[in-house]
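Note that the protein sequences, when read in sequence, are chains A and B.
In terms of numbering that gives the first Met the number 0, the first sequence opens at residue 0 and continues consecutively.
In terms of numbering that gives the first Met the number 0, the second sequence opens at residue 0 and continues consecutively.
Worth flagging that the hints you see were computed from the coordinates, not collected in a lab.
Please note that a few of the clues may not be correct.
Heads up, simulated DSSO-like pairs for lysine-lysine below, C-alpha to C-alpha not over 30 angstroms straight-line [as the list claims (entries may be wrong)]: (1) B:LYS301 to A:LYS115; (2) A:LYS209 to A:LYS123; (3) B:LYS288 to B:LYS301; (4) B:LYS194 to B:LYS212; (5) A:LYS206 to A:LYS123; (6) B:LYS117 to B:LYS212; (7) B:LYS301 to A:LYS123; (8) B:LYS212 to B:LYS288; (9) B:LYS212 to B:LYS301; (10) A:LYS206 to A:LYS115; (11) A:LYS123 to A:LYS208; (12) A:LYS123 to B:LYS296; (13) B:LYS288 to A:LYS115; (14) B:LYS194 to B:LYS301; (15) B:LYS288 to A:LYS206; (16) B:LYS288 to A:LYS123; (17) B:LYS212 to A:LYS115; (18) A:LYS209 to A:LYS115; (19) A:LYS115 to A:LYS208; (20) A:LYS115 to B:LYS296; (21) B:LYS194 to B:LYS296.
Just so it is clear, the structure is predicted and the values come from calculations on it, not from any experiment.
So the chains spell out like this:
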Amino acid sequence: MDISSIILPLVEITLAGAIINASVHFVPVGGAPAAMATSTGVGTGTTQLAAGAGFTGLLAAAGMAAQPGIMISNPVHALLIMLSGAVGAMIMLGLTMLIGQLIYVYGVGIVPAADKCDVDPITKDPQSAFITPGTTGHGIPTVCFVSGLIGAALGGIGGGMAYVGLLGLGFTIPAIAGVLAIGFFFMNAVLASYNIGGTIEGFHDPKFKKMPNGVIASTVSSLVAAIILIGMSMGL
Amino acid sequence: MDPTLLTLGALALAGAAATVSGCAEDLESDVGSQSNPNSQVQLGPQMGNIHRYFNKAISGEPVSYGLYVAVAGAVAWALMNGGYNPILGLIVGSGVGAITHGAYSLSAYLGRIVGQSKNFNQPVYMDVISTHMGPMMGHGFIAIFTMLLAAYLATLALGNPFPLPLVALIFGITVGAIGSSTGDVHYGAEREYQKYAFGGGIPVANQGDIDIKAETGIRNGLDSSYFCSRLGGPLTGLCFGLIIFLDGWRTVTGNIIGDLMGADLVMKAVIAIILGTLLVIGAAIINRKVEVYARNKYGPYK
Numbered sequence: 000m001d002i003s004s005i006i007l008p009l010v011e012i013t014l015a016g017a018i019i020n021a022s023v024h025f026v027p028v029g030g031a032p033a034a035m036a037t038s039t040g041v042g043t044g045t046t047q048l049a050a051g052a053g054f055t056g057l058l059a060a061a062g063m064a065a066q067p068g069i070m071i072s073n074p075v076h077a078l079l080i081m082l083s084g085a086v087g088a089m090i091m092l093g094l095t096m097l098i099g100q101l102i103y104v105y106g107v108g109i110v111p112a113a114d115k116c117d118v119d120p121i122t123k124d125p126q127s128a129f130i131t132p133g134t135t136g137h138g139i140p141t142v143c144f145v146s147g148l149i150g151a152a153l154g155g156i157g158g159g160m161a162y163v164g165l166l167g168l169g170f171t172i173p174a175i176a177g178v179l180a181i182g183f184f185f186m187n188a189v190l191a192s193y194n195i196g197g198t199i200e201g202f203h204d205p206k207f208k209k210m211p212n213g214v215i216a217s218t219v220s221s222l223v224a225a226i227i228l229i230g231m232s233m234g235l
Numbered sequence: 000m001d002p003t004l005l006t007l008g009a010l011a012l013a014g015a016a017a018t019v020s021g022c023a024e025d026l027e028s029d030v031g032s033q034s035n036p037n038s039q040v041q042l043g044p045q046m047g048n049i050h051r052y053f054n055k056a057i058s059g060e061p062v063s064y065g066l067y068v069a070v071a072g073a074v075a076w077a078l079m080n081g082g083y084n085p086i087l088g089l090i091v092g093s094g095v096g097a098i099t100h101g102a103y104s105l106s107a108y109l110g111r112i113v114g115q116s117k118n119f120n121q122p123v124y125m126d127v128i129s130t131h132m133g134p135m136m137g138h139g140f141i142a143i144f145t146m147l148l149a150a151y152l153a154t155l156a157l158g159n160p161f162p163l164p165l166v167a168l169i170f171g172i173t174v175g176a177i178g179s180s181t182g183d184v185h186y187g188a189e190r191e192y193q194k195y196a197f198g199g200g201i202p203v204a205n206q207g208d209i210d211i212k213a214e215t216g217i218r219n220g221l222d223s224s225y226f227c228s229r230l231g232g233p234l235t236g237l238c239f240g241l242i243i244f245l246d247g248w249r250t251v252t253g254n255i256i257g258d259l260m261g262a263d264l265v266m267k268a269v270i271a272i273i274l275g276t277l278l279v280i281g282a283a284i285i286n287r288k289v290e291v292y293a294r295n296k297y298g299p300y301k
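I would like the entire structure built from these sequences, with the hints used as guidance.
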């Protein structure tokens, strides 16, 4: 294996980790409080929702990579694999947020409202008057939805890029590349959730400013993971 | 037969199976009080609400469903590779997955409730175990079998290169994330807190003050599944079914449009990506419409 066929996957896998970590910070997650409509965002855990979206994107990326005629060495084809992953993840998270919103509005009877901003940065709607006292917002307002879509797209791109990097390293059996990509995705999503520490509304949340710390942590750990993967690919 | 028609048929069947799967998964998590609302059931005895809910969440819904379906997928895959009929493999695999689920549920319930017995006087109701295990394992079996069927179709007819157990694991984690994000909101915020006025979030001061009385007698997890089967369960199923269907649909339609245009592989993929992006933009617009509806209908909090 020559040096150039190692450097590109190394860069791809390291960059993928940083992108996956950044993506999780965009996903509006309210955890158990959101399931009780006590907090803005989707009512599940950060890692789990990001993983659900990212893995759907990974399935889409792998489906694209398996199409006859797709060459990993072709940059256009590699880009298509990543974009397919991004769209797959966006469809998963977009529909989950939409159906969640329907249940919040028609099942629970709340007005979607963000607590971390007075005015929705996108729609300019006032937020504080619609928040039930004793809660930190509820539902999925437009700013959270858009932030979630950005996060899903980044997660899908990151997952797809890691998959492309693994294929480039010679893990050409999809089962092995898939298992490694899933482990790699979980590693970076968990690192991000440690950085977030519970709930986050999206890019307007003050916690979003902590993102650089998480990205640095993921870059370092992904670099180490990439070096181990290169060792594995060389049969060490 | 035309391969495109076969793919479309497989896609429709996978979408339908996923819809049933999402619905059964959510109702099962309502009977067993898994995922996020279980924190309220866990908190109940500390607030003086001795309850008859089953409570089994330990590792989170996506991870536990990933486990059950991956176990089922691994058994089914082994049987198929051993030369057995695929349908038999799927059924036996799902059965093993359901038994795994049952073992997990029993140990989780006993561990959780016994942990609260000493300090908060929460009894371990043996009849709750005997009445709830069947519906949970039954709902779980339906969820696992239909998810496994969708995963089998994805590997057989929809061109996914991953082996069955891996697709099953991914579907399990995805359906758990969806059920936890959508259906459980209906169970948690609406069903567990019905004594509070409809139309607002649950203030932190009320947390743990769950309803322990049902329409008839003392409430338990079976009442929850009856209530949630009208909105939370079906919408969860719709969500998972739409995701499986639309993600496949954009690829198939991209290929069909590409063939009509005489386009190459790259152009077909670009069409599929554009179609997917349009679907997502549509979802964002509907989300905004629902938000505006809620603002106009319910108004600011008074």
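Structure-based check of each hint:
no., hint, verdict
1, B:LYS301 to A:LYS115, "holds (20 angstroms)"
2, A:LYS209 to A:LYS123, "holds (25 angstroms)"
3, B:LYS288 to B:LYS301, "holds (23 angstroms)"
4, B:LYS194 to B:LYS212, "holds (10 angstroms)"
5, A:LYS206 to A:LYS123, "holds (21 angstroms)"
6, B:LYS117 to B:LYS212, "holds (23 angstroms)"
7, B:LYS301 to A:LYS123, "holds (21 angstroms)"
8, B:LYS212 to B:LYS288, "violated (36 angstroms)"
9, B:LYS212 to B:LYS301, "holds (29 angstroms)"
10, A:LYS206 to A:LYS115, "holds (10 angstroms)"
11, A:LYS123 to A:LYS208, "holds (22 angstroms)"
12, A:LYS123 to B:LYS296, "holds (19 angstroms)"
13, B:LYS288 to A:LYS115, "holds (22 angstroms)"
14, B:LYS194 to B:LYS301, "holds (19 angstroms)"
15, B:LYS288 to A:LYS206, "holds (28 angstroms)"
16, B:LYS288 to A:LYS123, "holds (15 angstroms)"
17, B:LYS212 to A:LYS115, "violated (36 angstroms)"
18, A:LYS209 to A:LYS115, "holds (15 angstroms)"
19, A:LYS115 to A:LYS208, "holds (13 angstroms)"
20, A:LYS115 to B:LYS296, "holds (23 angstroms)"
21, B:LYS194 to B:LYS296, "holds (22 angstroms)"
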